[in-house]
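So in my numbering, the last spot in the sequence shown is 1147, and the numbers never skip.
Mixed in with the good hints, there may be bad ones.
[What the hints assert, rightly or not] FRET-style restraints, in silico, Cβ to Cβ: (1) GLY351 x CYS434: 22 to 30 Å; (2) LYS81 x PHE479: 32 to 40 Å; (3) VAL437 x GLY351: 27 to 35 Å; (4) HIS850 x LYS948: 29 to 37 Å.
Source of the hints: derived by calculation from the structure; they are not laboratory data.
Using N, Cα and C, we set each Cβ at its ideal position, and we do this for glycine too.
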Amino acid sequence: MFMFNTLFIIFEFFVLANGHLSILKNEQYVDLASPKKVSLGVSDTGNKNNLLQSVQRFINSEVEEPNFRNRRDAEDNPMPKAHEFYLNGTENSNEAFVHWSGKEKSDAIFVLTRQRSRSTHQVISSKVWRSLDYGNNYTLVSFPAGAVITFFYVSPVNFKKAIFVDYANQSIYITTDELANRTQVAIPFKADLIKPHPRVEDWLLGYSFFDRKLYYSKTFGNDWKLLVDGSVSSRFFWSVPGYDTDNATVHLELQSSIGDSAHYKTCQLDTCMTKPAEIQKLGSFVSNSLLVVKEYIFVEKLGDGKSEMYVSYNRGEFNRAYFPPDVAPKDFIIVNADEGQVFIAVSHKDGVTLYLSDTTGQFYVPSLTNVFFAPIPGLIAIDLHEVKSMKGTFLANHKVGNSSKRMEIKTSISFDKGGEWKNIETPPSEKRNCENVKDCYLHLHLDMGILQAPGILSEAKAPGLILAHGNVGNKLSSFNSTVFVSRDGGWTWQNTGLVGFYRFNILDQGSVLTAILESSNGMTNIVSFSYDQGHTWHSKTFLPSNRKIQVDGVLNEPEINSLSLSVYGHSNASNGWTLVTLNFSTVLSRTCNKLDYEVWIPKDDDQDNCTLGQTLQFERRKQFAQCSYGTDYEQPLTHKLCNCTNEDFECDYGYENQNQNNFKCKMASWFNEDYLIVECTEGKKYNRSTGYRKVASDKCHGGISDSDIYQPIQNIPCPVVAPHGLRLQTEKNVVATNQQTNYELTQSGGSELSTVYTWNFNDSSNKITKTGLINHTQITHTYTKHGSYNITVTAINKNGSTSAYLIIRVEDEIKNLYMDIPWATQTDKLTVFDAMVSSFNMANQVGHTHFIWTFGDENSTSPLLTWDKMVNHTYTKPGIYNFGVEAINSVSSLYKPLTIHVFDSANTTTVKLFFSDSIKYLKQNIQYRVDFFELLRREIIDNLGIQKDRFVLHIANQEPFTVDVLFFPGGDTDPTIDQLADDLVSRANNHTLSVVLYGISDIITKATRLHVKVYSSNLAVLKKSLCRLRICNQITGPIPDSTTSSTSGPNLRAVYIAVPVLIAVVIVTVLVFVFYKRKFRDVRRYTMLRNRHDEDNHLLGDDDDDDPPLDLNPEFGTDRNYHDDQLDLGTGSHLVMVTGGRGSDDD
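Throw the hints in and build the complete structure from the sequences for me.
Structural data, given as structure tokens:
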């Protein structure tokens, strides 16, 4: 605890200026522990305004060495030059993407402005602008008419090379000279994602989300070849320099056709090789989880109700990553994987915890609990920042409190990559703002910013400098924010006096800091800047005083070697983009010499300058030297290894520090050292931990590291451990008969080499028994009969056993789809559509089947989905409609398209036919029904002498079983529909029609002449008659029962219909088979996506198929989401801006 003597000072000045009385009143705490010289700094002119400004500066100043820091009058100091440029024709462009190359003193800047449709969310127009003078002037780049540039990529090897993608027209524009020239190339895929190689400048990978194909080019996009044909997810990675021996290596994830699983695969350009044995052992994992980072490869698996992470170290086999057993992980975020150690955030039911790994990335110990986070669909975002210039320095916001006390957000800092976390001490001058000095620290808004504040800023080439918004107190405030600056890597902080939210930038390796206020009304024209590392701040209006803009983004040269800054924004929502370039070379006109530099050594605590086992020495400009580094300055860095101390060690996995004041690791209550986690091969030896392990990223040597307490116990014989964590899985839990299926077996713990594994598929096949897990990671099996099966695998050795179970449902594939629909119908008539599916040998064992119906007259694109195989539909307009139905079960689908003619009901005539009970069996089988009506149709054609397109037979879906005969108009010389109806009635009355159908023996035991009765279907009064619906000859008398024979009453007109008997049942069967074979000729099959994972949709937003999401600062240590659905523009500075400007309304 630090104690300060303070003096409370109140200044009151009454100043008469310009006829107004100004009253100034302020309070200031002054630290009297060290006497300081105080100067008001009144100008020689004695001007009242200058006096007022000087007094105000004194009142607002802070106590600092060597003097009070104050905000000086901007007019007394050199100011940056501002140059404004307006992008004509961008009034409707609501998005902009800016790339500043910055390599090899390049002055080139690209700006892509886009207009996106509000209704379709597609990019409908774009413009590309190019500047060669640090953004002072821009020229419009011309592309062919109709081209719409959606995004672009820059080579990380050669900054002059870039590819501009025209997604809609499936072409790209290649430049090798920063857009001085460009070549259009048509490509064989929709370029949703392009990844340049990190080392070979002409190598590219191209990906299409639609067909999931991966292409490659060795000529920087001039020609493309297919690498993997389908099933590739967006998780693919080029080889990693220093860890993959072949530049042509590609790591990728292959998704299964059904389900949310994938497999890992490595390819070489020009060929994709078979997976090695260690990859086979990995098996399937959660799709879209593959991540390749330096020497580590990560995937996620699901098991035992929680997520599990598997890791490959130095391209070796995959092993399960272990966390304390009380953790049930949900999501994993790799925070950092530098220096041979993984720093990871894991979400679970109680929040998010940070963990540190050993060198292999397999065993994790807790670092910080209750990290503040925000859930995002498919991932989590944590409030954490890595100081770019200080390896191992992290700041994190975490929640403190319990159910009885409201959770508060506090900021902690670690200088040893999470090994130890500390509160940030309140700056001495801010102690006066503390309500409780015992619980008063500095708290900062980090990368998330709970107030949506612009993020904290640090740069790799500005050692020690950090800019952030924050407050002092017992928690992070949601109501106020002040800008704080640190110049020693976060060890101490100073209040800059800037109140509010600002956009930060660091120029010229830290010689100039800038901040642009995000004002409450969104408009500003002022930039604040400091050229003494935040000690003193000045302000400059970069636009005329009567003009302000909504600042959408601020960008500086990526290497931060220049003194130029670009500001992008709008004067209002209806105007185009305004670009303002600020040049600070007028502020620091002199280049630094040797006398302007100092050596700075970061420290981990007050007594020790060692950080992670080494002492670092940076050369940097002295704080008050008024000079610039210059574009040619290379910052020297030296390091010296330290002797190992307790600070360089941590408790090993399964051990906990029992004494915070005296570092001592003891075995955790949940850990059993004899229960080995790592597979230890019988007959070999292993090293047993003593409870301590050296921090993986620590560089120390000697010291206490040679002590026995810090060394593992070596050469212990490997015991045989009972197997546990046995898991059996497959891609699909529903499989097809006669289909070979792969089953994967994994074991999370216990011995594997001497363990005996027995598989039982619970069908007629024999059990499979083998020794050693390596022989059982992949087993294939084929079921020949449908049903439900319980697969069991038992693992047993001399010290124990365990089992795994998996229930599989087996279904037949749909091989046949029969349809009973008319070729024509009439408007406003309820028409029946009937379907029947079958598998092999006409067996109906296809399981639960649903149907997707399209009738061709839908007002929307949504089809009808039913479980019922029979549906009714009514057409309201005449025409020819394309009808289709798809039958789908769990293992297959079959689609059948047909055409139906719809005639106007005013031009048709219908005759209804009633049948006796002997026809009821037709309702039981659609094939019998089809056969019968085909014979009836032919008999009508032969007797009436008409073509089949003059009538159609309709099944009335009602009791009793009936058939409607619909007659349609013909040509001028053809019989009319009335004549045909009268002719049919006449022939029926004369007994000249008959149909004889030989049925299946178990349905019809003998040849039967079917009786057909023709009745009126008049809905008002059903009369016993032969009648047409439009012309009805009424007959008196009762309506006969459908079960009555043709001679059951005097008023009954029974007509026997007879046709020649078919030669044999075989001939009938052959005819029907030929007929349906011809009808099935046009069958089309398509696949239905099941269990589609939503994450792919999130890659582009709901409808943005032309636009990959953008990660324009692709640095692993700072971007913790790591989605490969992000766009990497390559090297340089990048800025993405989405404004409230007008998009297209598509009116």
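Open item on the list: Please check whether GLY351 and CYS434 have a Cβ separation lying inside 22 to 30 Å.
Closed with: holds (28 Å)
Task: Beta-carbon spacing of LYS81 to PHE479 - inside the hinted bounds 32 to 40 Å or not - done: holds (38 Å)
- [ ] Given the range 29 to 37 Å, decide if the beta-carbon distance of HIS850 to LYS948 lies inside it.
- [x] holds (33 Å)
Open item on the list: Assuming the hint says 27 to 35 Å, is it satisfied by the Cβ distance from VAL437 to GLY351 or not?
Closed with: With Cβ atoms ~29 Å apart, the hint holds.
Hint compliance for this structure: no hint is broken.
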